[in-house]
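A.B. asks: Now for the letters of each chain:
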Amino acid sequence: MKFFKLTFRNAGRHKLRTALTVLGMAIAVMAFAVIRTAIEAWYSQASASSPNRLVANNNVSIIFTLPISYQSKIAAVPGVTSVAHAQWFGGVYVDPKNFFPKFAIEAEPYLAMYPEFSLPPDQKEAFLKERNAAIVGRKLADRFGWQVGDQVRITGDIFPGDWDFVIRGIYTGMKDNTDEGSWLFHYQYIDERMRQESPGRAGQVGWFMIQIDDPTKAAEISGTIDALFKNSAAETKTQTEEAFALSFIAMSGSIIVGMQIISVMVIAIILLVLANTMAMTARERTSEYAVLKTLGFSAGKIVALIFGESLFIAILGGALGIALTFPIVGLMKVAMSAFFSAFPLPPLTFILAGSSAILVGILAALFPASKAMRTSIVDGLRVID
Amino acid sequence: MAQTMVQVNNVFKSYWRDTMEIPVLRSISFDIPEGEFVALMGPSGSGKTTLLNLLAGIDRPTQGNVTVAGSQISGLSDSSLARWRHDNIGFIFQFYNLIPVLTAFENVELPLLLTKLSKAERKKQVELALGIVGLADRMKHYPNQLSGGQEQRVAIARAIVTDPNVILADEPTGDLDKKSAEDIMELLSQLNAQYKKTIVMVTHDPRAAEKAHIIRRLDKGELVNGDGAR
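As you go down the protein sequences, you meet chains A and B in turn. All residue numbers for the first sequence refer to numbering that gives the first Met the number 0, where the first residue is 0 and numbers rise by one. All residue numbers for the second sequence refer to numbering that gives the first Met the number 0, where the first residue is 0 and numbers rise by one.
Keep in mind that the hints are not guaranteed to be accurate.
Using 25 Å as the maximum straight-line C-alpha spacing, the simulated BS3-like pairs for lysine-lysine come out as follows [unchecked claim]: (1) A:K14 - A:K1; (2) A:K300 - A:K14; (3) A:K4 - B:K115; (4) B:K210 - A:K4; (5) A:K1 - A:K370; (6) B:K139 - B:K115; (7) B:K178 - B:K210; (8) B:K210 - B:K195; (9) B:K210 - B:K177; (10) B:K123 - B:K210; (11) B:K122 - B:K195; (12) B:K178 - A:K4; (13) A:K4 - A:K370; (14) A:K72 - A:K216; (15) B:K118 - A:K4; (16) A:K1 - B:K118; (17) B:K195 - A:K300; (18) B:K123 - A:K1; (19) A:K1 - B:K178; (20) A:K300 - B:K178; (21) B:K115 - A:K300; (22) B:K195 - A:K4; (23) A:K1 - A:K300; (24) A:K174 - A:K332; (25) B:K139 - A:K14; (26) A:K1 - B:K115; (27) A:K1 - B:K122; (28) A:K14 - A:K4.
Only part of the chain B face toward chain A is listed, based on derived beta-carbon distances under 8 Å [what the hints assert, rightly or not]: (29) V100; (30) K115; (31) L116.
What the hints contain is simulated information worked out from the structure, not anything from laboratory work. Please read all numbers here as calculations on a predicted model, not as lab measurements. The beta-carbon is built from N, C-alpha and C at its ideal position, and this holds for glycine as well.
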């Protein structure tokens with residue numbers, strides 16, 4: 000502590016340089032934390048899944064459908080307690096930029112399978128009664144200012160034409176990572192129209208949600224279900240809801256890897272910036288270090304002064320960066336609520352961001368400290384500032 | 000009879016420039032009794048500062064032994080030498096070499112930070128040292144708020160604050176005007192006479208050297224005036 004004053008004053012010698020380095024450090028740590036948060040947000044969709052739920056979709060690809068007739072066979076498999084089908088709707092609300100996921104569901108069993116969707120009983124009753132009713136997540140409703148009773152038209156793309164809906168309920172998530180950004184409506188609504196306009200597409204669903212009684216039997220039950228439809232025209236691929244979500248995420252795998260690389264690069268760049276600052280600093284103070292050595296300071300103490308200053312700048316920048324992360328993630332939550340149900344800020348993100356700052360502080364001081372240690376007093380005193 | 004404070008025995012020092020050895024000091028031997036005030040004089044490049052550096056333990060002889068305050072310093076490790084310098088040597092530089100971001104008080108306090116003294120004890124020591132050099136009223140001033148003479152006084156306070164056995168001064172008046180130079184020399188004389196400090200001073204200035212009891216002259220790395228008595 001006796002030497003902290005010297006460390007602090009040294010850091011303040013070139014105020015602009017130190018301030019810019021601290022700011023650079025803050026931005027780098029914030030960028031690192033924000034990118035990690037975005038990656039976490041991606042994976043939070045998988046973490047929101049239940050181990051009691053399986054998903055069966057077409058073995059070829061999620062874009063291919065399954066016959067609705069599979070439902071009764073799946074329901075008969077031992078261990079299966081409930082089955083509900085669902086379908087990706089696509090569609091555009093006013094403008095393609097207004098993206099949000101829209102699912103045509105078998106409402107009653109589907110909602111029963113998702114107890115984490117909290118919907119007032121009167122709204123649920125109203126929704127179940129009306130064929131073109133829809134329920135929306137709280138975040139989605141807030142995004143477009145929708146209220147219960149609003150009439151909304153969606154322009155179909157996968158299912159062409161105009162689709163008029165009435166919002167009959169707004170659900171909220173029981174957990175932090177529960178999706179509140181989806182639009183759910185009755186499968187019958189599209190199925191009836193398909194029967195009239197495109198009969199070949201009627202009776203087809205995107206996937207089956209399957210509730211099971213024992214998560215430890217998930218693999219066995221999945222195998223049994225897939226065996227039922229082996230060598231059929233539409234083989235199934237049954238997996239846990241988490242694996243299903245992860246397979247979606249895997250489609251964006253290269254983006255996520257790219258983001259991870261960028262987060263590391265950001266830290267590497269600021270390492271070079273701080274290392275350059277510390278190298279300049281140590282070079283400017285070569286004669287001072289020689290004076291301190293003459294006064295009796297050991298090489299270890301000089302090294303400690305250099306590391307102290309580097310860590311002071313890095314930790315100050317890191318702390319500022321972490322503090323900045325909160326409002327930035329808050330803005331991201333608002334701007335990207337259509338794509339991510341949650342923006343978790345787990346302690347690990349802060350531990351990694353803080354550790355990165357400390358590591359940068361240590362690494363940046365290595366070279367100048369080593370040089371200061373090796374420079375003899377006589378050589379150091381010859382250096383003119 | 001005063002004890003020997005500095006003993007230089009057959010010291011050689013040379014530097015290497017690529018593959019060429021450049022001798023700086025040759026066969027230097029002399030003793031300095033405790034409480035003496037010695038001036039080292041000689042033309043530029045004669046080896047004065049190199050010899051002073053050897054006495055301070057900030058450089059090592061190529062050959063020979065240097066014993067200061069009873070310790071043969073040539074064989075000490077770097078860390079032991081740092082401790083030894085702190086305990087035994089007060090060094091005064093030509094260009095003061097104060098730390099610009101620290102006040103006069105904090106500059107003088109620096110060597111005491113390496114001791115186990117409490118903050119209050121350090122304060123007492125620093126105030127005493129700054130009082131001796133006549134700068135008790137400039138303690139909170141930064142170096143850039145002081146004149147050259149005042150800066151050198153602070154540097155002298157820093158050199159004496161640990162109560163060292165030997166004060167080594169490298170051209171202490173070399174960067175000062177005549178009046179300030181006289182004041183500094185007066186102060187060094189006072190430290191020698193009143194506080195019995197052994198002082199070895201490198202100087203070009205004959206007037207500064209007049210204050211010393213012994214003048215030793217170096218030329219081309221060799222002592223040229225025998226026992227050095229004036």
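A.B. asks: Now, for every hint given, state plainly whether the structure supports it.
C.D. replies: Outcome of the hint check:
1. A:K14 - A:K1: Holds: K14 of chain A and K1 of chain A sit about 22 Å apart, inside 25 Å.
2. A:K300 - A:K14: 24 Å, holds
3. A:K4 - B:K115: 17 Å, holds
4. B:K210 - A:K4: Violated, because 39 Å separates the two Cα atoms, which is more than 25 Å.
5. A:K1 - A:K370: Holds, at roughly 24 Å.
6. B:K139 - B:K115: 23 Å, holds
7. B:K178 - B:K210: Distance ~15 Å between K178 of chain B and K210 of chain B Cα, so the pair holds.
8. B:K210 - B:K195: The hint holds at about 14 Å.
9. B:K210 - B:K177: Satisfied, since the Cα-Cα distance of roughly 15 Å is no more than 25 Å.
10. B:K123 - B:K210: Violated - the C-alpha atoms of K210 of chain B and K123 of chain B are around 30 Å apart, more than 25 Å.
11. B:K122 - B:K195: 23 Å, holds
12. B:K178 - A:K4: 35 Å, violated
13. A:K4 - A:K370: Within the cut-off at roughly 23 Å; holds.
14. A:K72 - A:K216: 18 Å, holds
15. B:K118 - A:K4: 13 Å, holds
16. A:K1 - B:K118: Since the Cα atoms of K1 of chain A and K118 of chain B sit roughly 9 Å apart, the hinted pair holds (cutoff 25 Å).
17. B:K195 - A:K300: Given that 25 Å is the threshold and the Cα spacing comes to 32 Å, the pair is violated.
18. B:K123 - A:K1: 16 Å, holds
19. A:K1 - B:K178: 37 Å, violated
20. A:K300 - B:K178: Status violated; Cα separation ~38 Å.
21. B:K115 - A:K300: 15 Å, holds
22. B:K195 - A:K4: Not satisfied, since the Cα-Cα distance of roughly 34 Å exceeds 25 Å.
23. A:K1 - A:K300: 12 Å, holds
24. A:K174 - A:K332: The hint holds at about 16 Å.
25. B:K139 - A:K14: 21 Å, holds
26. A:K1 - B:K115: 11 Å, holds
27. A:K1 - B:K122: The given pair, whose Cα atoms are some 13 Å apart, holds under the 25 Å limit.
28. A:K14 - A:K4: 16 Å, holds
29. V100: Hint on V100 of chain B: holds, closest Cβ of chain A at ~4 Å, below 8 Å.
30. K115: K115 of chain B check fails; min Cβ-Cβ to chain A is 11 Å, beyond 8 Å.
31. L116: Violated: closest Cβ of chain A sits about 10 Å from L116 of chain B, beyond 8 Å.
Violation of the numbered hints given earlier is confined to hints 4, 10, 12, 17, 19, 20, 22, 30 and 31; the remaining hints are satisfied by the structure.
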